[in-house]
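Q: Protein sequences, first through last, are from chains A and B. For what it's worth, this note's numbering labels the leading residue of the first sequence as 1, then goes sequentially. For what it's worth, this note's numbering labels the leading residue of the second sequence as 1, then goes sequentially.
In case anyone wonders, no lab produced these hints; they're calculated from the structure. Heads up, a few of these hints could be off.
[As the list claims (entries may be wrong)] Mimicking SDA-like on lysine to any residue, the simulated pairs with C-alpha atoms at most 25 Å apart in a straight line are: (1) A:Lys265 x B:Leu129; (2) A:Lys265 x A:Pro196; (3) A:Lys265 x B:Leu121.
[What the hints assert, rightly or not] Here's a subset of chain A near chain B, in silico, CB distances under 7 Å, partners left out: (4) Asn120; (5) Asp237; (6) Arg259; (7) Gly263.
Ideal Cβ positions, reconstructed from N, Cα and C, are used throughout, including at glycine.
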Amino acid sequence: MATEYFNEMYEAGAVRAPYARLEDWTRAMPAEFRQMKQAEAEALFRRIGITFAVYGEGGDPDRLIPFDMFPRVFTQSEWRRLERGVKQRARALNAFLLDVYGRGEIIRAGRIPARLVYQNEAYERAAAGFIPPRGVYSHIVGVDLVRTGPDDFFVLEDNCRTPSGVSYMLENREIMMRMFPALFRENRIEPVDGYPDLLRRTLASVAPAKCGGEPTVVILTPGHFNSAYYEHSFLADLMGVELVEGADLFVEGGFVWMRTTEGPKRVDVIYRRIDDAFLDPLCFRPESMLGVPGLMDVYRSGGVTICSAPGSGVADDKAIYTYVPEMIRFYLGEEPVLQNVPTWQCGRTDDLKYVVENLCDLVVKEVHGSGGYGMLVGPRSTSEQIEGFRARLLADPGNYIAQPTLALSTTPTFVNEGIAPRHVDLRPYCLVGERVELVPGGLTRVALTEGSLVVNSSQGGGVKDTWVLAE
Amino acid sequence: MLSRTADNLYWIARYMERAETTARLLEVGARIALMPSAGHGYRNEWDSLLRASGTAAGFAQKYGDPVQRNIESYLFFDRDNPSSVASCIERARENARIVRTALTTQVWDALNTAYQEMRQLERTARSELELTQITEWTMRQAAMMRGAIDATMLRNDGYDFLGLGYALERADSTARLMDVKYYVLLPRVDFVGSGLDNYQWQTLLRAMSAHRAFHWAYGGDITAGKIAHFLILNPQCPRSLVTATSAAMGHLDRLARGYGHHTSAQQRSHAMLAALMETTVEDIFDEGLHDFLSRFVREVGELTVLVHDAYLSGEAR
Numbered sequence: 001m002a003t004e005y006f007n008e009m010y011e012a013g014a015v016r017a018p019y020a021r022l023e024d025w026t027r028a029m030p031a032e033f034r035q036m037k038q039a040e041a042e043a044l045f046r047r048i049g050i051t052f053a054v055y056g057e058g059g060d061p062d063r064l065i066p067f068d069m070f071p072r073v074f075t076q077s078e079w080r081r082l083e084r085g086v087k088q089r090a091r092a093l094n095a096f097l098l099d100v101y102g103r104g105e106i107i108r109a110g111r112i113p114a115r116l117v118y119q120n121e122a123y124e125r126a127a128a129g130f131i132p133p134r135g136v137y138s139h140i141v142g143v144d145l146v147r148t149g150p151d152d153f154f155v156l157e158d159n160c161r162t163p164s165g166v167s168y169m170l171e172n173r174e175i176m177m178r179m180f181p182a183l184f185r186e187n188r189i190e191p192v193d194g195y196p197d198l199l200r201r202t203l204a205s206v207a208p209a210k211c212g213g214e215p216t217v218v219i220l221t222p223g224h225f226n227s228a229y230y231e232h233s234f235l236a237d238l239m240g241v242e243l244v245e246g247a248d249l250f251v252e253g254g255f256v257w258m259r260t261t262e263g264p265k266r267v268d269v270i271y272r273r274i275d276d277a278f279l280d281p282l283c284f285r286p287e288s289m290l291g292v293p294g295l296m297d298v299y300r301s302g303g304v305t306i307c308s309a310p311g312s313g314v315a316d317d318k319a320i321y322t323y324v325p326e327m328i329r330f331y332l333g334e335e336p337v338l339q340n341v342p343t344w345q346c347g348r349t350d351d352l353k354y355v356v357e358n359l360c361d362l363v364v365k366e367v368h369g370s371g372g373y374g375m376l377v378g379p380r381s382t383s384e385q386i387e388g389f390r391a392r393l394l395a396d397p398g399n400y401i402a403q404p405t406l407a408l409s410t411t412p413t414f415v416n417e418g419i420a421p422r423h424v425d426l427r428p429y430c431l432v433g434e435r436v437e438l439v440p441g442g443l444t445r446v447a448l449t450e451g452s453l454v455v456n457s458s459q460g461g462g463v464k465d466t467w468v469l470a471e
Numbered sequence: 001m002l003s004r005t006a007d008n009l010y011w012i013a014r015y016m017e018r019a020e021t022t023a024r025l026l027e028v029g030a031r032i033a034l035m036p037s038a039g040h041g042y043r044n045e046w047d048s049l050l051r052a053s054g055t056a057a058g059f060a061q062k063y064g065d066p067v068q069r070n071i072e073s074y075l076f077f078d079r080d081n082p083s084s085v086a087s088c089i090e091r092a093r094e095n096a097r098i099v100r101t102a103l104t105t106q107v108w109d110a111l112n113t114a115y116q117e118m119r120q121l122e123r124t125a126r127s128e129l130e131l132t133q134i135t136e137w138t139m140r141q142a143a144m145m146r147g148a149i150d151a152t153m154l155r156n157d158g159y160d161f162l163g164l165g166y167a168l169e170r171a172d173s174t175a176r177l178m179d180v181k182y183y184v185l186l187p188r189v190d191f192v193g194s195g196l197d198n199y200q201w202q203t204l205l206r207a208m209s210a211h212r213a214f215h216w217a218y219g220g221d222i223t224a225g226k227i228a229h230f231l232i233l234n235p236q237c238p239r240s241l242v243t244a245t246s247a248a249m250g251h252l253d254r255l256a257r258g259y260g261h262h263t264s265a266q267q268r269s270h271a272m273l274a275a276l277m278e279t280t281v282e283d284i285f286d287e288g289l290h291d292f293l294s295r296f297v298r299e300v301g302e303l304t305v306l307v308h309d310a311y312l313s314g315e316a317r
């Protein structure tokens with residue numbers, strides 16, 4: 001199958017404008033120098049401690065996500081369009097959440113089937129009827145985008161709960177600036193280092209009404225064995241807030257308190273990096289050791305804000321995803337700026353029939369899956385793999401969705417043999433509080449294996465610095 | 001500061017100091033074992049060493065008789081021994097990873113490097129490792145860590161919790177190291193004052209890197225009285241009980257001032273220091289060195305409980 005992939009640097013043999021200066025940069029770079037820089041980057045990552053801890057699999061528990069030094073570049077006008085699209089989506093998703101935990105207008109209007117919402121595992125009954133401060137549920141929306149042509153961007157999925165990876169966006173930039181200062185003088189690149197401050201302000205802006213004065217914000221982590229622990233501690237440090245575990249918090253007198261060396265201190269906003277199910281053992285899982293007993297009562301009585309709000313997951317479900325363009329029209333009265341990937345719901349008989357007949361051309365994913373696990377990339381699978389998958393699919397069709405295999409764009413990437421095109425995606429991080437904000441940049445993930453379309457770090461993916469050029 | 005963060009900092013320091021103590025114990029043991037010890041062989045000496053480090057039961061269960069090579073493994077590499085150098089460094093590093101942002105890059109570097117090098121040592125064939133090599137390596141890592149803390153950490157409450165960990169662990173370990181001497185001598189009281197007796201005292205001084213310092217401070221012959229004075233009562237000696245107690249008190253005072261309220265841990269540390277200041281070497285030998293040291297170790301234990309209640313448990317109001 002000879003698919004033409006859009007190369008973000010070269011188009012019809014010519015260098016596209018945003019990459020013009022990078023061509024000189026790579027041409028002037030001898031291989032030994034590049035290897036030296038690559039080693040330097042790795043040493044910096046290790047030194048700073050950005051590792052991705054993987055326990056229980058043997059080997060080095062502190063792994064690095066491979067970092068590719070070749071930046072990915074957007075022009076200002078490309079970015080403006082993406083920004084508009086991402087913010088639009090973030091607003092629509094929040095409007096949807098406010099609606100489905102309230103009157104459910106979109107369901108009454110017949111635009112989304114009630115079953116998909118109220119029977120959804122991620123729908124949190126404990127959250128129904130409660131309106132969080134400013135009506136915001138998902139305060140950090142990570143939108144996964146892919147590109148197939150100069151003007152063609154598709155949303156692969158939305159992440160409304162606790163999208164991770166933003167520390168890589170920040171660190172990749174830090175390291176590039178340290179290693180190649182000249183590049184940053186030649187190219188006028190929009191900064192991303194305002195993100196932690198924007199995040200802190202966003203979180204503070206949704207403090208509960210009962211909070212008088214400067215709100216106390218904390219990040220709630222499952223603990224140091226979590227693979228994203230580094231990111232949690234990194235963000236806490238840059239925002240100047242405490243990083244707490246469940247056991248550091250307790251509930252008393254209708255408020256949440258943290259245990260400090262100077263006695264209890266009241267907490268107003270919790271940016272949680274744990275799942276709903278582990279928030280409060282009294283409300284969700286009684287056997288959970290991670291949560292804070294009584295937290296949900298305080299939340300519902302307006303004593304503390306939880307970000308993202310419990311129940312936000314219902315908006316980023318892969319089955320709900322299909323309806324996001326509809327949400328944008330319904331709540332905002334706008335046409336979607338970013339396209340959805342056409343999606344077949346395997347739970348529907350007609351769709352399932354089509355999917356089963358075309359497995360070798362499709363990408364099939366679990367509705368609740370993530371991390372690139374449990375998915376089938378038809379064109380890149382053997383017939384045994386496809387047959388095996390077909391059996392699983394037919395056993396539980398409702399658990400799967402299918403999409404056409406997109407011709408993901410490529411960007412030049414340093415590989416052993418020199419420079420070669422590799423497929424990429426993009427995750428910008430949209431902040432929603434008093435205002436909707438987006439720093440100009442995001443996390444570019446790159447599939448380092450030749451021909452691979454799967455960019456997840458658990459499947460051999462790496463990361464790149466992502467540039468937005470100033471006008 | 002979160003109580004848990006304070007607790008992590010405190011334990012980073014305790015584990016690093018403990019790693020160093022274990023290495024020093026190993027060095028004492030190896031030196032004493034080099035002496036022809038009038039009849040009881042090295043078995044008793046190594047045994048006393050295990051008892052002083054509080055690991056005798058664990059060792060006996062795993063290896064049975066104290067054989068030097070096994071003891072070396074047990075005290076340096078064995079993860080089943082919570083006080084082994086490897087266990088201590090690993091735990092110190094894990095505690096540091098949790099509170100990574102409360103440490104400076106230099107402190108993290110020092111500790112992380114120690115950990116990475118230790119993993120390297122673990123992969124090295126034992127026949128290529130001399131005992132002195134690994135004990136000196138440990139002391140060097142511990143010194144790098146302290147140097148980094150001293151040179152780069154902000155003097156805030158976090159610094160005091162690190163300092164408190166070091167001081168309390170050191171108070172405890174100096175007392176325990178001295179007790180090794182007691183155990184070694186116990187079977188034959190008539191050795192007191194003999195050449196062997198003095199040799200053992202000197203070995204103890206060496207293990208505390210205090211051999212030269214002692215001569216500078218006292219001159220003349222080495223006597224049990226002088227050494228006891230040096231290691232217990234002399235504020236010039238960096239590892240003496242009085243120095244460690246006074247350091248703990250200093251950190252508790254600073255914390256109380258910074259937080260604006262007094263704690264019973266602080267009161268207790270003042271009382272302990274005052275008692276030490278009034279003690280003479282004669283008092284100590286009248287009480288019996290072993291009894292004195294045991295009592296001191298117990299008091300340090302009580303003080304650590306008070307510190308825990310006041311700051312680390314998160315239960316204080």
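Q: Sort out which numbered hints this structure fails and list those numbers smallest first.
A: The structure conflicts with hints 1, 3 and 4, although it agrees with all the remaining ones.
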